[in-house]
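Enquirer: These protein sequence lines map, in sequence, to chains A and B.
Under the numbering used here, the letters of the first sequence match residues 217 to 432, in that order.
Under the numbering used here, the letters of the second sequence match residues 221 to 618, in that order.
Derived from the structure by calculation, the hints contain no laboratory data.
We treat Cβ as the ideally placed atom computed from N, Cα and C, and that holds for glycine.
Check the hints yourself; a few may be wrong.
[To be verified] Derived CB-CB ranges, DEER-like:
no.	chain 1	residue 1	chain 2	residue 2	range
1	A	F398	B	G334	54 to 60 Å
2	B	K232	A	R423	32 to 38 Å
3	A	F236	B	G387	25 to 31 Å
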Amino acid sequence: MSQKEPLFSAKNIKLFTDPFNSGNPITVLVLGICSALAVTVKLQPAIVMSLSVIIVTGLASFIVSLLRNTIPNRIRIIVQLVVVATLVILVDQILKAFAYEVSKQLSVFVGLIITNCIIMGRIEAFALGNKPLPSLIDGLGNGAAYGMILVTVAFVRELFGAGTLLGYRIVPDAWYLKNGGFYENNGLIILPPMALILLGIIIWIHRIINKSLRDK
Amino acid sequence: MKFLRKFLDKIKPSFDEGGKYAKLHSTFEGFESFLFVPKTVTSQGSHVRDCIDLKRTMSVVVLALVPCLLFGMWNTGYWHYRSIGGAGDLLTNFWFGFCKIFPIIAVSYIVGLGIEFTVAQIRKHEINEGFLVSGMLIPLIMPVDVPLWMVALATAFAVIIGKEVFGGTGMNIWNPALLARAFVFFSYPTQISGDKVWIAGLTGGQGVVDSFSGATPLSIAAGGTGEAAANMSGETLRSQLPDVFDMFMGFVPGSIGETSKLAILAGAAILILTGIGSWRIMLASTLGCLLMGWICNLLAANPYMELPPYYHLLMGGFAFGAIFMATDPVSASQTNTGKWIYGILFGILVVIIRVFNPAYPEGVMLIILLMNTFAPLIDHYVVSANVKRRLKRIKPNV
Numbered sequence: 217m218s219q220k221e222p223l224f225s226a227k228n229i230k231l232f233t234d235p236f237n238s239g240n241p242i243t244v245l246v247l248g249i250c251s252a253l254a255v256t257v258k259l260q261p262a263i264v265m266s267l268s269v270i271i272v273t274g275l276a277s278f279i280v281s282l283l284r285n286t287i288p289n290r291i292r293i294i295v296q297l298v299v300v301a302t303l304v305i306l307v308d309q310i311l312k313a314f315a316y317e318v319s320k321q322l323s324v325f326v327g328l329i330i331t332n333c334i335i336m337g338r339i340e341a342f343a344l345g346n347k348p349l350p351s352l353i354d355g356l357g358n359g360a361a362y363g364m365i366l367v368t369v370a371f372v373r374e375l376f377g378a379g380t381l382l383g384y385r386i387v388p389d390a391w392y393l394k395n396g397g398f399y400e401n402n403g404l405i406i407l408p409p410m411a412l413i414l415l416g417i418i419i420w421i422h423r424i425i426n427k428s429l430r431d432k
Numbered sequence: 221m222k223f224l225r226k227f228l229d230k231i232k233p234s235f236d237e238g239g240k241y242a243k244l245h246s247t248f249e250g251f252e253s254f255l256f257v258p259k260t261v262t263s264q265g266s267h268v269r270d271c272i273d274l275k276r277t278m279s280v281v282v283l284a285l286v287p288c289l290l291f292g293m294w295n296t297g298y299w300h301y302r303s304i305g306g307a308g309d310l311l312t313n314f315w316f317g318f319c320k321i322f323p324i325i326a327v328s329y330i331v332g333l334g335i336e337f338t339v340a341q342i343r344k345h346e347i348n349e350g351f352l353v354s355g356m357l358i359p360l361i362m363p364v365d366v367p368l369w370m371v372a373l374a375t376a377f378a379v380i381i382g383k384e385v386f387g388g389t390g391m392n393i394w395n396p397a398l399l400a401r402a403f404v405f406f407s408y409p410t411q412i413s414g415d416k417v418w419i420a421g422l423t424g425g426q427g428v429v430d431s432f433s434g435a436t437p438l439s440i441a442a443g444g445t446g447e448a449a450a451n452m453s454g455e456t457l458r459s460q461l462p463d464v465f466d467m468f469m470g471f472v473p474g475s476i477g478e479t480s481k482l483a484i485l486a487g488a489a490i491l492i493l494t495g496i497g498s499w500r501i502m503l504a505s506t507l508g509c510l511l512m513g514w515i516c517n518l519l520a521a522n523p524y525m526e527l528p529p530y531y532h533l534l535m536g537g538f539a540f541g542a543i544f545m546a547t548d549p550v551s552a553s554q555t556n557t558g559k560w561i562y563g564i565l566f567g568i569l570v571v572i573i574r575v576f577n578p579a580y581p582e583g584v585m586l587i588i589l590l591m592n593t594f595a596p597l598i599d600h601y602v603v604s605a606n607v608k609r610r611l612k613r614i615k616p617n618v
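From just these sequences and the hints, can you work out the full model?
Expert: In structure tokens, the structure reads:
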């Protein structure tokens, strides 16, 4: 018990990198899909959302893990919710204070981080049974892996749906049909069904690369 | 012929396992069975042997589509010359349409077959002929001015996401051709709705004679709803629509293949006589459409509702959808009772979308996709009802 573990031990690194591959919260565990559909129309909100989720998952796992021996088992969900809700409110207030435009775009989805399955999932599955530091790493890793998928989807959707990235024009104006060109933005990619199809394609590619995930 | 056979036999070993081009095995096989009757026969189990296989089935459907295609080519030219104030003769009209439509067909086949061939090589499947029909249907349900890259993108989407993801021909839930159209419809709505896209050259801003409108019968009819129609009588709306003969013959703007009901009926005759299209679905959808049209007549809340029920058969893509697309043997209901339910619901819902939802002047595409989604469910209940009925027969007292 008293043996000290270095921060970058192989185990801790695996805790952080595993969510990016065979333990990915979105493409393997299929958690947090709702926000992945809702906030990925543009790249900027997706990035902000990802950062918020990384902070909340990391800190929530850390705090719950600190309290894990004092929480009575029967009321643990309530306690977890209090912790997560406090953090989410903090993030929400900070966004409103320093990034008002983005927080308006994200609207209720910042508040809905509370119900993001990934956070509760990591707390239940990991933080309640592990020490604070590994829990923090696990939370950060899962949040970052969630963010990776979110940003990928948002990248495709903003590029083909609006012809811009982070608000900067990528597809030249002269290409558009209304300016005498040939190109037109894809309207379907802005709609939630196409986000779901994109997620499906990401899952497909992921399983081509990682053979261990395929159903037998 | 002999020479061809000899040549194929000579190069065959290099496509077999271990050969130089083993990866292209199914490509070779596809071409071989395209040129000759395949020699392979089933080796186990009992099968009903019939000379009609997937390839023949698909060829008959393509044949049934030819009248629509030819008429569509003529009609494209006819409306183009009308919109610029001239009038072409039969051949000029036809030639203009041919030049417009042939590229769309070529793009649809090249992209679709290219993907099918590639996937067949990767999965080591045989090449299926399923795309032969979809590749012809896609151009026929597009507006004539649709940019070719959109056709390519839509075809790729329909074949990959609509078909190959589910396991290829015969496994798809939705009709691939309609999926391609739905893709264009939601991705590039300005290219496939409105009054201008149906006539070649109008979107490009070519000169239009005064008082010319490219409005389709359906968009005129949609004017018979809402506030615009507050003081309109049913008679006025009917006088604004093209007359029944024109709509039947197809002298109206619309998607390439959908306008002529005569050509569609010719196709329907081929499909029914060869037993390839389900007459139950065709009849049921017609009845459903007439039924809902008649109910609208009874309600008669606006001029659109007062239109005689048979107008709904003549306007828009209903006939084309009911004959060629709702009867798709893969995505439609499989049971006979199911086909009746499927067809009647299709007919009813199309009229509901048209009349009660002016935002969508035409509902055929979305309703066929919707009914495709429900087809397995309908079949499930038809089968389980049958099982229940027969069980009751053996134990009458339970």
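Enquirer: If a hint holds in the structure, say so; if it doesn't, say that too.
Expert: Hint-by-hint comparison with the structure:
For the pair F398/A and G334/B, the beta carbons lie near 21 Å from each other, so the given range of 54 to 60 Å is not met. For the pair K232/B and R423/A, the beta carbons lie near 35 Å from each other, so the given range of 32 to 38 Å is met. Distance hint check: the CB atoms of F236/A and G387/B are about 30 Å apart, consistent with the given range 25 to 31 Å.
In this structure, the one hint that does not hold is number 1.
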